[in-house]
Amino acid sequence: MKNNILRILFFLILIMTGFSGPVWFFIIGAIGYVFLYAGLEILILSAAIDAYFGYASGEWFIYTIATALGLLLAQWLKPYLSVYNQ
Amino acid sequence: MKKFSSITRVNSRRISQNKKNIQIILVTLVCLVILFLVPKAVNLAVSIVVAPINITKHWITESSGSLPQYFRNRSELLDEMSTLRSKLDSVSSDRMAIQILIKENKELRSLLGDEGEERVLAGVIGRPGALPYDSLMIDQGTEQGVNVGAPVYIGENTVIGIVKNATAHTSLVELVTTEGFKATVYIIGPDIYTNAVGMGGGQLRVGVPQGILLSEGDLVVLPAVTSGVYGEVSVVQSEPSRPEQYGYVSPRIPIASIRLVSVGRTPLHNVSFEEAQIILRENKTTVFSIPVPEDILVDTNFGTTSDSISTTTDLYEE
Numbered sequence: 001m002k003n004n005i006l007r008i009l010f011f012l013i014l015i016m017t018g019f020s021g022p023v024w025f026f027i028i029g030a031i032g033y034v035f036l037y038a039g040l041e042i043l044i045l046s047a048a049i050d051a052y053f054g055y056a057s058g059e060w061f062i063y064t065i066a067t068a069l070g071l072l073l074a075q076w077l078k079p080y081l082s083v084y085n086q
Numbered sequence: 001m002k003k004f005s006s007i008t009r010v011n012s013r014r015i016s017q018n019k020k021n022i023q024i025i026l027v028t029l030v031c032l033v034i035l036f037l038v039p040k041a042v043n044l045a046v047s048i049v050v051a052p053i054n055i056t057k058h059w060i061t062e063s064s065g066s067l068p069q070y071f072r073n074r075s076e077l078l079d080e081m082s083t084l085r086s087k088l089d090s091v092s093s094d095r096m097a098i099q100i101l102i103k104e105n106k107e108l109r110s111l112l113g114d115e116g117e118e119r120v121l122a123g124v125i126g127r128p129g130a131l132p133y134d135s136l137m138i139d140q141g142t143e144q145g146v147n148v149g150a151p152v153y154i155g156e157n158t159v160i161g162i163v164k165n166a167t168a169h170t171s172l173v174e175l176v177t178t179e180g181f182k183a184t185v186y187i188i189g190p191d192i193y194t195n196a197v198g199m200g201g202g203q204l205r206v207g208v209p210q211g212i213l214l215s216e217g218d219l220v221v222l223p224a225v226t227s228g229v230y231g232e233v234s235v236v237q238s239e240p241s242r243p244e245q246y247g248y249v250s251p252r253i254p255i256a257s258i259r260l261v262s263v264g265r266t267p268l269h270n271v272s273f274e275e276a277q278i279i280l281r282e283n284k285t286t287v288f289s290i291p292v293p294e295d296i297l298v299d300t301n302f303g304t305t306s307d308s309i310s311t312t313t314d315l316y317e318e
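Protein chains in written order, with this note's numbering: chain G, 1 to 86; chain W, 1 to 318.
Treat the hints loosely; a few may be bogus.
Among the chain G residues that face chain W by a calculated CB cut under 7 angstroms, a handful are [to be verified]:
id, residue
1, S20
2, P22
3, F25
4, I28
5, G29
6, Y37
7, L40
8, L43
9, A51
10, Y52
11, G54
12, Y55
13, T64
14, A66
15, L71
Once the Cα atoms are required to be at most 30 angstroms apart in a straight line, the calculated BS3-like pairs of lysine-lysine come out as [to be verified]:
id, chain 1, residue 1, chain 2, residue 2
16, G, K78, W, K20
17, G, K2, W, K19
18, W, K87, W, K106
19, W, K103, W, K87
20, G, K2, W, K57
21, G, K2, G, K78
22, G, K2, W, K20
Facing chain G, a subset of chain W residues (Cβ under 8 angstroms, in silico) [claimed, not checked]:
id, residue
23, K20
24, V27
25, T28
26, C31
27, V50
28, P52
29, N54
30, K57
31, S66
32, Q69
33, P132
34, E174
Calculated directly from the structure, the hints in this document are not laboratory data. In this text, a Cβ means the ideal position worked out from N, Cα and C, and glycines have one as well.
Kindly generate the complete structure, drawing on both the sequences and the hints.
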């Protein structure tokens, strides 16, 4: 329960910083979120950021793609990073 | 038995990991497809969701109410107060204060385009570096008359970007220096037209062949979007072994230090080459000319009336 509240709070902070800056805080927070929770909601947030800031810019959806790659990387690294998995 | 249990656990973890990977890929693909197919609809939906965040941010950072002031950084306010106090001390006479006020008044008038079209004055609430992508967030929106496609100015006539998205109280501005943004520019010095490409971070890059004399300090005009000088060549990158050289152009006022901008009421229209030529001719005369009093000006066209020596750039006039 406590963990869920922390996760929601963390995600709310990511929403605030993602849309109103500072962007470096968002990026660091997103990396932390991906490794801590690996939640798919961060992908939706990244897609929303791409839709809002990258609309009509002609650039690739870098935040969505980077987040997806980050999540996959976190999944791959998790067994190596977990100490008490035996 | 123990070994079997351990193998089963590892297999189960692997299956769950694969399942999660498939979920990530599927959600990513769904997001990308939606962004490709209906970008405007998603943009609109996100704008509605984000609107309260922007309003709150504006209220906290700009409002003069006591609660937002309480939330603001106290030390920052104290620093600002001491700066203002020292500024006040430095103003030795009323005359000086009047001059400052006149200057500020002129700046605001020029920002609002007192001699041309009517403009909307807006405060900058988000800059590149703080926001994703090379964009500015301003605190005026459709309710104040900001339209999508309208030019955004700093100073009197320097366009720095175009309104990309406008909500009721905030707007998002795409800078001309956004990576990949292409614009035709005219470089005063070598007097050539060329294409400039946005590099992000307030920098434009112009590429010209080696034979052309490109120097640091050459003024660069965007004739298609502005009747003013955009900025000057700050760095020239030239290697003799390469057929081309590059000049990096930055605006006269650094993007990071902009506090106020003005937004045109009408979106930009296409400018023909002939119109661009006229704009450039006006630019060359206005940019290099300064209003020198007739009794000081030494010029054979108007007669010599004083011992003082002054220079004008009528050479540029045609």
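Evaluated hints:
1. S20: Since the shortest Cβ distance to chain W is 5 angstroms, the answer is holds.
2. P22: holds, 5 angstroms
3. F25: Not OK, violated: F25/G not within 7 angstroms of chain W, min 9 angstroms.
4. I28: With a closest approach of 14 angstroms, the I28/G hint is violated.
5. G29: violated, 13 angstroms
6. Y37: violated, 12 angstroms
7. L40: holds, 5 angstroms
8. L43: holds, 5 angstroms
9. A51: holds, 4 angstroms
10. Y52: At 4 angstroms from the nearest chain W Cβ, Y52/G passes the 7 angstroms test, so the hint holds.
11. G54: Nearest chain W Cβ about 6 angstroms off; hint holds.
12. Y55: Check passed: Cβ of Y55/G comes within 4 angstroms of chain W, closer than 7 angstroms.
13. T64: holds, 5 angstroms
14. A66: violated, 11 angstroms
15. L71: The hint holds - L71/G has a Cβ within 7 angstroms of chain W, the shortest such distance being about 5 angstroms.
16. K78/G to K20/W: OK: K78/G and K20/W at ~12 angstroms, within 30 angstroms.
17. K2/G to K19/W: It holds: about 26 angstroms lies between the C-alpha atoms, which stays within 30 angstroms.
18. K87/W to K106/W: holds, 20 angstroms
19. K103/W to K87/W: holds, 15 angstroms
20. K2/G to K57/W: Cα-Cα ~28 angstroms, so holds.
21. K2/G to K78/G: Since the Cα atoms of K2/G and K78/G sit roughly 22 angstroms apart, the hinted pair holds (cutoff 30 angstroms).
22. K2/G to K20/W: holds, 24 angstroms
23. K20: Interface hint status for K20/W: holds (6 angstroms vs cutoff 8 angstroms).
24. V27: holds, 5 angstroms
25. T28: holds, 4 angstroms
26. C31: Holds, because the Cβ-Cβ distance from C31/W to chain G comes to roughly 4 angstroms (cut-off 8 angstroms).
27. V50: With a minimum Cβ separation of about 5 angstroms from chain G (threshold 8 angstroms), the hint on V50/W holds.
28. P52: Interface hint status for P52/W: violated (10 angstroms vs cutoff 8 angstroms).
29. N54: Since chain G brings a Cβ to about 7 angstroms from N54/W, closer than 8 angstroms, the hint holds.
30. K57: At about 5 angstroms, which falls below the 8 angstroms cut-off, the nearest Cβ of chain G leaves the hint on K57/W intact, so it holds.
31. S66: violated, 22 angstroms
32. Q69: Violated - the Cβ of Q69/W stays beyond 8 angstroms from chain G, reaching only about 19 angstroms at its closest.
33. P132: holds, 5 angstroms
34. E174: holds, 7 angstroms
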